[in-house]
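Undergrad: Spelled out, the chains give:
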Amino acid sequence: MATLPMESQKTSQIRFTLNGEEVDVSFAPYKTLLEVLREDLGHTGTKHGCELGECGACAVLLDGKAVVSCLVLALECDGRQVLTVEGLGEEGKLHPLQDAFADLGAAQCGYCTPAILVTAKALLDQNPHPNRDQIREALSGNLCRCTGYLQIFEAVEAAMVKIAGQNNSDT
Amino acid sequence: MPEEKDSTKSADSHSKANGDEFRVIGVPRRRVDARAKVTGQTRFADDIFLPRMAHCKLLRSPHPHARIRKINASRALAHPGVYLVLTGKDLPIQYGILPVSQDEQALCVDHVRHVGDPVAAVIAREELTAFEALDLIDVEYEVLKTISNPEEALATPEPRIHEYGEEGNIHKLVALEFGNVEEGFAEADEIFEDSFFYQGNTHLPIEQHAAVAIKDPDGKLTIWSSTQTPHYLHRALAKVLEMPAAHIRVIATPNGGGFGGKSDPFNHEIVVAKAALVLDRPVKICLTREEVFYCHRGRHPVLMKFKTGVKKDGTITGMHLQTLIDGGAYGSYGVASTFYCGALQTTTYHIPRYRYEGCRTFTNKPPCGPKRGHGTPQPRFGQEVQLDKIAEKLKIDPADLRLRIVESSNAVTANFFRLGTVNLAECIRRVVQLSGWKEKFRKLPEGCGVGLACSAYLTGAGLPIYWNSMPHSGVQLKFDRSGGVTIFCGATEIGQGSDDVLAGIVAEVLGIDTFDVRLFTGDTDLGPVDLGSYSSRVTLMAGNAALQAAERGKALLAEAVAEKLAVPRKRLRFADRRVFDSTAPQKSVTFQEAICLAEARFGTIGTVGSYTPPKSPALYKGGGVGPSPTYSYSAAVVEVEVNATTGWIIVPKIWIAHDIGRALNPTLARGQVEGSVYMGLGEALMEEQEFRRLPKRLSHALVHKFPSILEYKSPTSLDMPDVITELIEEPDPRGPFGAKEVGQGPLLPIMPAVANAVYDAVGVRIDEVPITPEKIMKALAEKKAGREPRFGPSHFPHVNWPEPLRVPPPWEGGDGNAVNDVPRRAKPRPEKEKALTS
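Line order of the protein sequences matches chains A and B. Position 145 of the first sequence, counting from 1, maps to 578 under the numbering used here, and the rest follow consecutively. Position 336 of the second sequence, counting from 1, maps to 1055 under the numbering used here, and the rest follow consecutively.
Isolated chain A (complex conformation) (with noise of 0.2 Å):
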């Protein structure tokens, strides 16, 4: 058919690494990276607030970096390596960021949850020991309405703890 609504033209592709492994991945040119993570990839991990960049629901890490992923066309991304919640955990285990969010309350709806953790991974990568207000900065782009942020600083933190713990031992 001539006429072919245009989301069904998947005359895009690229290949990037997902979380560690490569896809292959083929899509309508326009899409973001937002949308073929959830619709093309199957990675709901991912949410959206706005889809306009404001609300940070969609934070994925690009090369190691926090993204609002609304915001970045798939095109963009390939041969890039991108981090989802997906990928957080490590064979079978929750990430230490992972386990503190859950086990202090940073997450009661959950919706923002899966953009702050990564761009709370992204801190503490480039960062290991953040204090509060650096806490406060780089999540200030992540909207979170239902906890008041306050068990989010707190599980960042337990987490900060917990992981250099974990690095010392391993050294």
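Certain hints may be false.
According to the in silico footprint, chain A covers these stretches of chain B (three or more CB under 8 Å from chain A) [unchecked claim]:
1) 833-845
2) 856-864
3) 919-927
4) 1083-1096
For the record, the hints were derived by calculation from the structure and aren't laboratory data. The beta-carbon is built from N, C-alpha and C at its ideal position, and this holds for glycine as well.
Given chain A, work out where chain B should sit, using these hints.
TA: Positioned in the frame of chain A, the structure of chain B alone reads:
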């Protein structure tokens, strides 16, 4: 078992309250659904993708008020990829959350009432196609006069936004008097008259509303939706689709935040249900953020006038409250909101005589409804700020003043609400002590200040939304040979932890771990009815139902085990997944063995529990709004720093004490308090649902000022102050393990405490919410000019109030009934309305 850990860790984490020892209740625990949430596996409505699924988009009115002359969808239907276009005539039956205001249509038939009112739906193979096709629908409108605020509504009876209501554009008038207020004022040493305005604001859940509907293989309907009230949606769908309710299954997906904004049955839910039935394929809709602002049902803007009489010692002799409420374009919960605006004033401090007059008008804006605190934050703001003014005039410390007049446990108020435990005094004492109030109040340097305020809230609405005498909540338990227990309940998880409440109660009673429990909740096919996640009702009502079901199951297990172990039933204890003789713990069976013994003895083990609230003594008409099995209490002290040059307000710290009865899971309870404080702070300082006119050269339409998350300001992680939370735990016998609500009450004292702190800091009264730098600068300018150092409303428009229902309070021998019978205004009700409300 999840691989990580048990929820109960070690013996030293056991909770000891009032001499009881609990292993689950009162222990800070990982909530049962936490793992799903931190791994991104919680399946929200928009995460559902089904084979052959089509997508729906709604065409919305660009006009705030208009007649629909003609709709032509032929061009849209011809667009490639479009499967179906629905318009109002396909779904003409009216519905609405309250039986008295069935005033909505899924798609407007001939009348649009606000910008964003839906007029047509396109269902297409792709979402983008549906979106494109919206532009191909031709709608001819006849623009009507816009009613933009309540004052205009009072002055403009025609054109009517609705053909029902009191008269003109007045939706609801309430007038109630409990004791002779004029006599109260005559006894007073001082009379205070103050006006306040509380701006509207919205819930802003991060999850946009979404729904997916399918026609089941057997021809029935299933809908997944981000709704807080699957039972009420179930009823609305049956009515509008003219299907037996038994052929409809509503599954409330976990809500990505609700806060009251997902409590109405919504047009988009009905539309996708209809489309799925017509097309026989799954149909999904996910609203854009802009559309979420049009759904609204948020905080009503309320203009208030308080007249309060007091003795020199602070004793209140009478209070008269008038409210003018901006309802927006539909009824929603508005009739209840109008009563709520005047209901809970009496529950914190003793008010011997009380008169309330409330008026809700329709306006051409998105409909207002229930937001966290439903109808109570607005008058609470006025009442607590006025008390601050009273304390200053009487030269009494505001904390001491409140301590003198707090209501007592088990009191019946002037308006016949029976209170449960009341630990407001303890809340006040605790925040006064923790905050160093006595060293700070009126003593901090210029620009710094502290403010105090209190509040009360329902622990569940005492009456259901539609009249019936059935339980408000039901729970079924299945005991499995595997040792597992499954909970079936209609309760809806909106992030507040309703699943964890149910699991915690059942696990405690049966001596198992919360992770041994499976839950099927929010599903109208699987579980018995629970009315929904609103009015802070779940912990007490669903919790009590779960408690009853668990106790019944425990009794069956105990009987079988007692026989097996030859131990009297009374001596058996259930703990650590074992059932044992409390005098000889080695004499035991595992919990799994206990189930098998019981199943062998009695057959398949399943139990049920249900909860119906006690009858309220408020028998007068309108007394159905406000009664609750018990009430929670909060007190807060807020510290502020106000920059007198810019008006900028910083809140460094907040202390809050909440009378919770018992915290079932302290981690979650604290989260509810902090989340309430956060949301209250947003309302106090920045959040507002504002409107503007488009330029005249365009349509001059009344539109939302900023329907986006960027411009609708809400507090970020940088704005959140430190919060010191104290949970006051005196178990209330009406709650499961003594628990009362915590999800809404702690929001209420924040806004007035901020206003009172601003006054302490810079000596200006901001009698209006939100308290913005601009308003502070204006008030400071007034102060400098030697005028009243205040920003706020100065007049209350004339309302033609009806004669009040007169209800003598209990101490005047009242029995809860009105002594006069006020006839409805003599006006024949239109045939249509009669049919709808019957």
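Undergrad: If a hint holds in the structure, say so; if it doesn't, say that too.
TA: Checked hints:
Coverage of the region 833-845 of chain B by chain A holds [criterion: at least 3 residues with CB-CB distance below 8 Å; count 3]. With 0 residues bearing a CB less than 8 Å from a CB of chain A, the region 856-864 of chain B misses the requirement of three and the coverage assertion fails. Chain A is given as covering the region 919-927 of chain B, and this holds because 6 residues of the stretch bring a CB closer than 8 Å to a CB of that chain, at least three being needed. Counting residues of the region 1083-1096 of chain B whose CB lies closer than 8 Å to any CB of chain A gives 0, so the stated coverage by that chain is violated, three being the minimum.
Checked against the numbered hints above, the structure violates hints 2 and 4; every other hint is satisfied.
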